[in-house]
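**Student:** One letter stands for each residue in the lines below.
Protein chains: 2
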Amino acid sequence: MVTRKAARQAETEVDALVDRLRAGGLRRTAARVAVLAELVASVAALSHGEIAEILAPMGFDRATVFRNLTDLTSAGLVVRRDLGDHVWRFALQRDGEADHGRQHPHLLCSDCGTLVCLPDVKVKITPARGWKRAAKMEVQLKGLCDICAS
Amino acid sequence: MVTRKAARQAETEVDALVDRLRAGGLRRTAARVAVLAELVASVAALSHGEIAEILAPMGFDRATVFRNLTDLTSAGLVVRRDLGDHVWRFALQRDGEADHGRQHPHLLCSDCGTLVCLPDVKVKITPARGWKRAAKMEVQLKGLCDICAS
DNA sequence: TTTCCACTTGCCACTGAGTTGCATCTGCCT
DNA sequence: AGGCAGATGCAACTCAGTGGCAAGTGGAAA
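As they're listed, the protein sequences go chains H and U.
Just so we're aligned: 766 in my numbering is position 133 of the first sequence, and the numbers increase by one with no gaps anywhere.
Just so we're aligned: 643 in my numbering is position 10 of the second sequence, and the numbers increase by one with no gaps anywhere.
Since the hints were derived computationally from the structure, they do not count as laboratory data.
Here the structure is a predicted model, which means the values were calculated and not measured.
Check before you lean on any hint, since a few could be wrong.
Below, computed lysine-lysine pairings styled on DSS-like, alpha-carbon distance capped at 30 angstroms [as the list claims (entries may be wrong)]: (1) U:K755 with U:K775; (2) H:K769 with U:K775; (3) U:K757 with H:K775.
From the structure, some residues in chain U lie toward chain H, with a derived Cβ separation under 10 angstroms [to be verified]: (4) M691; (5) D715; (6) W721; (7) A724; (8) L725; (9) Q736; (10) L740; (11) L751; (12) V754; (13) K769; (14) V772; (15) L774.
Per label pair, the in silico range of CB-to-CB distance [to be verified]: (16) H:R700 with U:Q736: 43 to 49 angstroms; (17) H:K755 with U:E686: 39 to 45 angstroms; (18) H:K755 with U:R660: 29 to 35 angstroms; (19) U:T759 with H:A656: 37 to 43 angstroms; (20) U:D648 with H:Q736: 42 to 48 angstroms; (21) H:A674 with U:A643: 21 to 27 angstroms; (22) H:E646 with U:V666: 54 to 60 angstroms.
Even for Gly, the Cβ is constructed at its ideal location relative to N, Cα and C.
Take the sequences, apply the hints, and build the full model.
**Tutor:** In structure tokens:
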């Protein structure tokens, strides 16, 4: 049950995203709007397969969904991410998300292979001899995730 | 051109690995020895496809290679790793690597896949809310190694 | 408003990495 | 040596991702 206010908010967000789409030289098409609407409505990142399944009853072909996810990612509106299971998942490129890999460390579970965001863990790197590329590194911790540790 | 000393060293390493295999309840089979020998001989992590291609002329089937990589990984002799291209790559779980991994951080080059020790780089982890497992984590930085960056 | 053209789509097929079933082979314990 | 459970080769399959082509269409220009 979606409230009227939330529906209007989502629509506004889709409109804003479409503006960015157009500004990037891409056409406003029904398929793209539908993909963006699904990403706006979803809390979690969605795989191509999941989105394609949702949009199929509306007549959108999965090849189209795939191409559009790729286009939207190239255009910078969408980011794709792998959680360790070799499935790309797509989510909106929220403001400031461009450096997601560098914003916080990730835990790679050495047992199940899941990649978990650790936004509350701070990591400080002290490089030796003015090693300049440290700031561009992503930090990954390797150990057991909460599920495998329990 | 492999020197005689290097060849003997590799053979000794394979023998040691086979001992661990047997200790773990797995059989010593020609296919498994061949897989281990390839991993011993390789500097970089190898994909299933790469190993299968090497071993095919010796009569080893790729399904067997796949199964054995999985078995060796489950047994703890081999570790698998993804460089971001959705291909699993396999490498030996080196002796002392469990502790080695925690002694200093490593750089995993996102281009060539080389794992480089960074003994002079200090990393301080500040976990949130008394997260007790932080001390048991290995730290891995992901970015370009010196060669790929130049 | 109409035209037009480059972009987009649906349909179909393909690729590559990974995986499974089954009959047969084989390592190793007794 | 015998026997049995594990391992293998062969063949086929799954799944996520991807590409070709004819037809459809968004939007700029006239």
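**Student:** Now tell me if each hint is right for this structure.
**Tutor:** Each hint, compared with the structure:
Taken as a hint, the U:K755 and U:K775 pair is honoured in the structure, with Cα atoms around 15 angstroms apart against an allowance of 30 angstroms. Taking the CA atoms of H:K769 and U:K775, the gap is near 9 angstroms; set against the 30 angstroms cutoff, the hint holds. Our distance criterion of 30 angstroms between C-alpha atoms is met by U:K757 and H:K775, whose separation comes to about 15 angstroms. Because the closest C-beta pair between U:M691 and chain H is about 28 angstroms apart, greater than 10 angstroms, the hint is violated.
For U:D715, the suggested interface contact is upheld, since its CB lies about 7 angstroms from the closest CB of chain H, less than 10 angstroms. A least Cβ separation of about 8 angstroms between U:W721 and chain H falls short of the 10 angstroms threshold, and the interface hint therefore holds. Violation of the interface hint for U:A724 is found here, the shortest Cβ-Cβ separation to chain H being roughly 14 angstroms, above the 10 angstroms cut-off. For U:L725, the suggested interface contact is broken, since its CB lies about 15 angstroms from the closest CB of chain H, more than 10 angstroms.
Nearest Cβ of chain H to the Cβ of U:Q736: about 13 angstroms, over the 10 angstroms cut. The hint is violated. Among the interface hints, the one on U:L740 holds; its C-beta lies about 7 angstroms from the nearest C-beta in chain H, closer than the 10 angstroms criterion. The beta carbon of U:L751 is positioned within 10 angstroms of a beta carbon in chain H (closest approach about 8 angstroms), and the interface hint is therefore held. Among the interface hints, the one on U:V754 holds; its C-beta lies about 5 angstroms from the nearest C-beta in chain H, closer than the 10 angstroms criterion.
A least Cβ separation of about 5 angstroms between U:K769 and chain H falls short of the 10 angstroms threshold, and the interface hint therefore holds. Taken as an interface hint, U:V772 checks out: its beta carbon lies about 6 angstroms from the nearest beta carbon of chain H, inside 10 angstroms. Taking 10 angstroms as the C-beta contact cut-off toward chain H, the hint placing U:L774 at the interface holds, the least distance being around 4 angstroms. For the hinted restraint 43 to 49 angstroms between H:R700 and U:Q736, the CB-CB distance of approximately 47 angstroms keeps it satisfied.
With their beta carbons about 44 angstroms apart, H:K755 and U:E686 fall inside the hinted range of 39 to 45 angstroms. Taking 29 to 35 angstroms as the suggested C-beta distance range, the pair H:K755 and U:R660 does not conform, at roughly 47 angstroms. For U:T759 paired with H:A656, a C-beta distance near 40 angstroms keeps the hint of 37 to 43 angstroms intact. A hinted range of 42 to 48 angstroms holds for the C-beta pair U:D648 and H:Q736, which are about 46 angstroms apart.
For the hinted restraint 21 to 27 angstroms between H:A674 and U:A643, the CB-CB distance of approximately 56 angstroms leaves it violated. Checking the proposed 54 to 60 angstroms range against H:E646 and U:V666 shows it holds: the Cβ atoms sit about 58 angstroms from each other.
Going down the numbered hints, you'll see the structure goes against 4, 7, 8, 9, 18, 21, while the others check out.
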